[in-house]
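Residue numbers (my numbering), protein chains in the order written: chain A, 7 to 498; chain B, 7 to 498.
Be careful, since some hints might not be right.
For chains that are exact copies, the list does not tell them apart, and a pair is met inside one copy or across any two.
Claimed, not checked - In the DSS-like style, the derived pairs of lysine-lysine whose C-alpha atoms are separated by at most 25 Å in a straight line are:
hint : residue 1 : residue 2
1    : Lys489    : Lys435
2    : Lys120    : Lys93
3    : Lys486    : Lys351
4    : Lys112    : Lys223
Worth flagging that the hints you see were computed from the coordinates, not collected in a lab.
Chain residues, written in single-letter form:
2 protein chains.
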Amino acid sequence: MAKQIPTRADDYAQWYVEIVKRADLAENSDVRGCMVIKPYGYAIWEKMQQGLDKMFKDTGHVNAYFPLFVPKSMFEAEEKNAEGFAKECAIVTHYRLKTDPNNKGKLIVDPDAKLEEELVVRPTSEAIIWSTYRKWIQSYRDLPILINQWANVVRWEMRTRLFLRTAEFLWQEGHTAHATAMEAEKETLQMLDVYADFVENFMALPVIKGKKSEGEKFPGAIDTYCIEALMQDGKALQAGTSHFLGQNFAKAFNVQYSNKEGKLEYVWGTSWGVSTRLIGGLIMAHSDDDGLIIPPRLAPIHVVIVPIFRSEEEQTKISAAVGPLITALRHAGLSVKFDDRDTHKPGFKFAEYEMKGVPVRMAIGPRDLENGTVEIARRDTKEKHVMNVKDVVVEIPKLLEDIQKNMYARALKFRTEMTTTVETYDEFKNILNSKGGFVLAHWDGTAETETKIKEETKATVRCIPLHSTAEDGKCIYSGKPSKMRVLFARAY
Amino acid sequence: MAKQIPTRADDYAQWYVEIVKRADLAENSDVRGCMVIKPYGYAIWEKMQQGLDKMFKDTGHVNAYFPLFVPKSMFEAEEKNAEGFAKECAIVTHYRLKTDPNNKGKLIVDPDAKLEEELVVRPTSEAIIWSTYRKWIQSYRDLPILINQWANVVRWEMRTRLFLRTAEFLWQEGHTAHATAMEAEKETLQMLDVYADFVENFMALPVIKGKKSEGEKFPGAIDTYCIEALMQDGKALQAGTSHFLGQNFAKAFNVQYSNKEGKLEYVWGTSWGVSTRLIGGLIMAHSDDDGLIIPPRLAPIHVVIVPIFRSEEEQTKISAAVGPLITALRHAGLSVKFDDRDTHKPGFKFAEYEMKGVPVRMAIGPRDLENGTVEIARRDTKEKHVMNVKDVVVEIPKLLEDIQKNMYARALKFRTEMTTTVETYDEFKNILNSKGGFVLAHWDGTAETETKIKEETKATVRCIPLHSTAEDGKCIYSGKPSKMRVLFARAY
Chain A
7 MAKQIPTRAD DYAQWYVEIV KRADLAENSD VRGCMVIKPY GYAIWEKMQQ
57 GLDKMFKDTG HVNAYFPLFV PKSMFEAEEK NAEGFAKECA IVTHYRLKTD
107 PNNKGKLIVD PDAKLEEELV VRPTSEAIIW STYRKWIQSY RDLPILINQW
157 ANVVRWEMRT RLFLRTAEFL WQEGHTAHAT AMEAEKETLQ MLDVYADFVE
207 NFMALPVIKG KKSEGEKFPG AIDTYCIEAL MQDGKALQAG TSHFLGQNFA
257 KAFNVQYSNK EGKLEYVWGT SWGVSTRLIG GLIMAHSDDD GLIIPPRLAP
307 IHVVIVPIFR SEEEQTKISA AVGPLITALR HAGLSVKFDD RDTHKPGFKF
357 AEYEMKGVPV RMAIGPRDLE NGTVEIARRD TKEKHVMNVK DVVVEIPKLL
407 EDIQKNMYAR ALKFRTEMTT TVETYDEFKN ILNSKGGFVL AHWDGTAETE
457 TKIKEETKAT VRCIPLHSTA EDGKCIYSGK PSKMRVLFAR AY
Chain B
7 MAKQIPTRAD DYAQWYVEIV KRADLAENSD VRGCMVIKPY GYAIWEKMQQ
57 GLDKMFKDTG HVNAYFPLFV PKSMFEAEEK NAEGFAKECA IVTHYRLKTD
107 PNNKGKLIVD PDAKLEEELV VRPTSEAIIW STYRKWIQSY RDLPILINQW
157 ANVVRWEMRT RLFLRTAEFL WQEGHTAHAT AMEAEKETLQ MLDVYADFVE
207 NFMALPVIKG KKSEGEKFPG AIDTYCIEAL MQDGKALQAG TSHFLGQNFA
257 KAFNVQYSNK EGKLEYVWGT SWGVSTRLIG GLIMAHSDDD GLIIPPRLAP
307 IHVVIVPIFR SEEEQTKISA AVGPLITALR HAGLSVKFDD RDTHKPGFKF
357 AEYEMKGVPV RMAIGPRDLE NGTVEIARRD TKEKHVMNVK DVVVEIPKLL
407 EDIQKNMYAR ALKFRTEMTT TVETYDEFKN ILNSKGGFVL AHWDGTAETE
457 TKIKEETKAT VRCIPLHSTA EDGKCIYSGK PSKMRVLFAR AY
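Okay, chain A solo, but in the shape it has when bound (with noise of 0.2 Å):
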């Protein structure tokens, strides 16, 4: 490894991109805003999607694909939606390019090739899905359409971040049609649950369950719940979002159904997505001052194998006693990489991988080999054991359960110890600028307040806690009565 990294304390978001970019995970390329997944971040997102993809299916999701462009008229027929997006959209304009006549071997955009219509590079699908779903709907016999997709969108952002915010990103989309606002209600809901599960079990990550305000919820949405993560940092990080769309779209593209009775009604629907946004988020949550830190639910490899020797002989020695041991715990589950290299001394391994996160190391020298042991490190606590050798295909799965749930424990009591109630504006602004972290305050529900409170402070309502308790009160901005306290926090 090259020079130290700076550390969280000193600067975070350099602390950050060095994280990304050492452990291997993603680098900007030559095109404004987006970035190469390089293809250890790209195993980690492959492991969220493999368990994500697992529990859509398991609640009754089927995947499919829908075009890329959309073409403007279909785009603005949902006002709202088409105001949101408008401003951060690629557009297609033209499909072809010539040779340029005044520069051989250059090329021009063939001006003779424009599009009668212009096309948007989707920033998310619910106009080209909807527009589809028109015709697949007549009866109630057709509902529910329960429909994801996996796909790359694109958002013409300015002031981009590896994974947390790129113009283009890789994502799902969950886009759901239903009889009844009730059962799309509850679709909603459910999706928020897997996505909370997903969170919480898989990156260890524990996330408060909650709904958007007006000001800050998906455009075209009746109602957006999301869930949102506590980094390192004292800064919330939106996790995931699942939105009620009601009959927004289903009226944009005129999609109504037969009901049982015979008469035609609108379609109440559905969408819900992560991206690849997480990855920034799981890197922002765990990680040391010494690198990255994968919950083993996610980690590409989870045990790595450094063999300790000083002459060929040593070496082949260890490699014969090692095999056996690959084998039993591939047979177990676990992916498990030996680095045996001989370019590079076990320190200058122990620090590759610790940096890209690799849950378990396991050391094997002369001495261990004669004693029948190995030496263990976990990545997320430092601690290192001896164990004997027969003991490690029960032993070590056994351990990456503890170091997944060590983690959440951990995640979860920073956040505990991050988040604050406070009554009175100036605490709030304290609290803020001392602390950082989640701040849990009244707030009088207007547009007006939250949007002073923002400009004032940079906190925003990150959601109304769904699993908060009334509690009467007063907004600590304006003083007006409120019933509950809300979840305010700067963020990502």
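Since the structure of chain A is provided, determine the placement of chain B on it from the hints.
Same frame as chain A, but now just chain B:
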């Protein structure tokens, strides 16, 4: 089911369209040339992805993700590649829409948001990937790079056909970088073998491996290898390609590495891909006049169970008896659907699952319950037989294996019958017009002859087969000397 579909003999093209539609695989979208892949069609693609992805990983490849957009100056760097794709590129020129001042609620492209440099929506990713590899490769130690990407690409085709030729399609594209020409050539052929293995063993479709002629090779490649399959109408389908890129992209993007002696050399490259086009090939190769026939290894549903009942009581009894059977089949790794809808009669369901190509249908009525039997129908041959319930869990997996093999054998028999060796141009034309299929003939190897034959007969050199023996002869067209026969056909 509505009215009969045209038979293959009557109207093969329309038969194909109807199968795609009625088996619920895909449909045209409202976006010119782009398709919607419906859940059942997408489920086949997911099976293909799983099969291929495992084969790629087993041969040492990893997945990654590169940007959708390619800046024009980067796109044009490898001139032959750029020239090859320039005429069919979607071009992004603007990044924002704004409210139309003359038309409330409508949007127009914001002329102030014109990009300084236009972006090409990737038709293939060599340019963006090699411009990235330049940053990753310094030394021989950084090689090889063995990366695959699952992605969408856009090629502005004027005449489109569902799955076979669409403006946007899904595919995988492998892009590898090597220290030596020999290693890159070995990789090129290895991936050709992987594709052949997949198409033959998953898709149950025999292929001919070969090399493309100069005129048909990938723009920017030194050599293009392909696998060619035969469809039931006697036309060929290129099912996958693997390109030896030489140092063309390395030179265009200045990707050099220092070898073991410390000397700078250009890197050698390959690229290889298969796409959703394979689904079109699957349909056209195997299906019959009653619908799709899916080989078991790619079937989203292996077994459909249809209960035959006249009363609710019978229905309940059958359901109770079927429950443990479903569980047992699922434990055996099979995908089982139990269709107990009481809104449709068994005959309707039989036709529906025939149309959808489910490999095995199991029907159970009251008499079966008494006898402890089920009625099994296999989709490939339409044979029916009675099976003891207690044998189902052992026999069904064997039956699926048998269907898989039989489908391959049938396709191979067809191809053998439809491959003709000819000596003269008259024979060549006669065979093409009377019978079609693959035609093996001598060719002088020149582009002129290839073009003439194509103009006169619409047949092209599909490939120069890898495994044919040298044989002196005379070109059927020019009479000039030829060293071996090549594979001709009319093609999709």
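Status of each hint after checking the structure:
Taking the shortest alpha-carbon separations for Lys489 and Lys435, only the intra-copy value of 21 Å comes in at or below 25 Å, while the best inter-copy value is 85 Å. In this homomeric assembly, Lys120 and Lys93 come within 25 Å of each other (Cα to Cα) both inside a single copy, at 22 Å, and across copies, at 13 Å. When the C-alpha separation of Lys486 and Lys351 is checked against a cutoff of 25 Å, the pair qualifies neither within a copy, at 65 Å, nor between copies, at 64 Å. In the homo-oligomer, the alpha carbons of Lys112 and Lys223 lie at most 25 Å apart only across protomers (22 Å), although the nearest pairing inside one protomer, at 45 Å, exceeds that limit.
The structure does not agree with numbered hint 3 stated previously, though it agrees with all others.
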